[in-house]
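Protein chains in written order, with our numbering: chain A, 19 to 250; chain B, 228 to 431.
Keep in mind that a hint or two might mislead.
[What the hints assert, rightly or not] Here are some chain B residues pointing at chain A (derived, C-beta under 8 Å): (1) ALA250; (2) GLN257; (3) ALA275; (4) GLY278.
Derived by calculation from the structure, the hints in this document are not laboratory data.
We put the beta carbon where it would ideally sit given N, CA and C, even for glycine.
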Amino acid sequence: MPRHRLLTRRTALLGATALTTSACDSSRPREGFLGAMERFNARFQAALFDPDRLAPELPPEETTPPGKFPEYFVSDTVPLTPGNWALRVGGLVARPSVLTLETLQRLPRTDLRIRHHCVEGWSAVASWHGVRLSELAGHVGADANAGYVELRSFDAGYFSSWDRPSAFHPQTILAYGMNGQPLTPGHGAPLRLYSGVKLGYKMVKYLTEVNFLPEPTGGYWEDRGYEWFAGV
Amino acid sequence: MAHWLNVPLLLIMAASGLQILVAYPLLGPQGRPYGWYPFQGVSPPAWARLGDWLAGARHWHFAFAWFLTLNGVAYVLYLALSGEWRRRLFLPRRDTRNAVDTLAFYLRVRRQAPAQGLYNGLQRLAYTGTLALGLLAVLSGLVLYKPVQLGALTALLGGYDAARAVHLIVLALLALFTVGHIVLVLLHPRTLGEMVTGGRKPDA
């Protein structure tokens, strides 16, 4: 085999190694080559997303044993519901609203028992009940140009933003109950987002605000380097 | 060329995968860990990991998964289109007897090596097994990436938690094969150059 071809391959290999180490920075995974690949993957995930595909409903015996469903929050101690709690709904909506839990509970109720997928690799099962986010969107008259939905919380500024198709999926709800009981503080009382189509960190707990927006606004973990789309 | 590219790509996938495992180093549903897995709660060693933290490792993993998959698809296409599959793939009717005889020879049960062409039956079995492992790695990985959108595949592999176990077992088997493969090549250094460069076309 001719010698000059071997040298070309060696140069190519060295070049690729140099490129890989400089363009793949683990501490800033949304930049450089890793970032470019993530933007490609986000488009791939959005294209793969089927708004009509449902996460399978599971039988009661699949329910994770009591106390074994992890409870995550970013505050130092479990966030407790403020006394005057109400949900503010705004952005591109015909009727900006401040809704009490009682008002939300009078809207049509949806029940789900589906698998929870955490970015860490564990899964767990519980039943959740609440009102569909699409139902709330109809209630406040969300604009068709609102391509994104932002969710804010009283958990040390934790927030996230979603693409409209995932937010309006029939298994995306504002949950006020878990396993037949009102939400406990550990699971996001009084109101949290729950969904069958995203990873757990997208499901904001301890909700204070829902905003229908024309642009995505990032999120707590997303701004620290985790994927923004994070579909399952 | 496509062949040795597997080594760096597999290393990147394995090391970033092990870093992802650190975030939850258990197998089985939450609260019901599998009894058969001996390393429940044990994190892989730091020298075997890539990506520093969960988000970093996930970005490495999902970026380079495409290249490993493309490399695999290119290889399968080459096998299919060139007709090489006839010489390299394990066909049970043709190769079982030769594989058993070769194994017997290696284990010193049999004195004479069975007749063979470029590859013997045992080699064909090993290489075909690796292709099957590669396919299983991609399929179980897709389940972990999109368990709901690819729901039929998730059900086929026995669910999300089962797919996670399959994904890790496939890694262990591929690692075992790669180490064995490299040791054998180092024992027979003449084959190394041809593996990297593609070598000359044998007539056999």
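Right, here's what the structure says about each hint:
{"no.": "1", "hint": "ALA250", "in the structure": "4 Å, holds"}
{"no.": "2", "hint": "GLN257", "in the structure": "4 Å, holds"}
{"no.": "3", "hint": "ALA275", "in the structure": "15 Å, violated"}
{"no.": "4", "hint": "GLY278", "in the structure": "5 Å, holds"}
Hint 3 from the list above is the single one not met by this structure.
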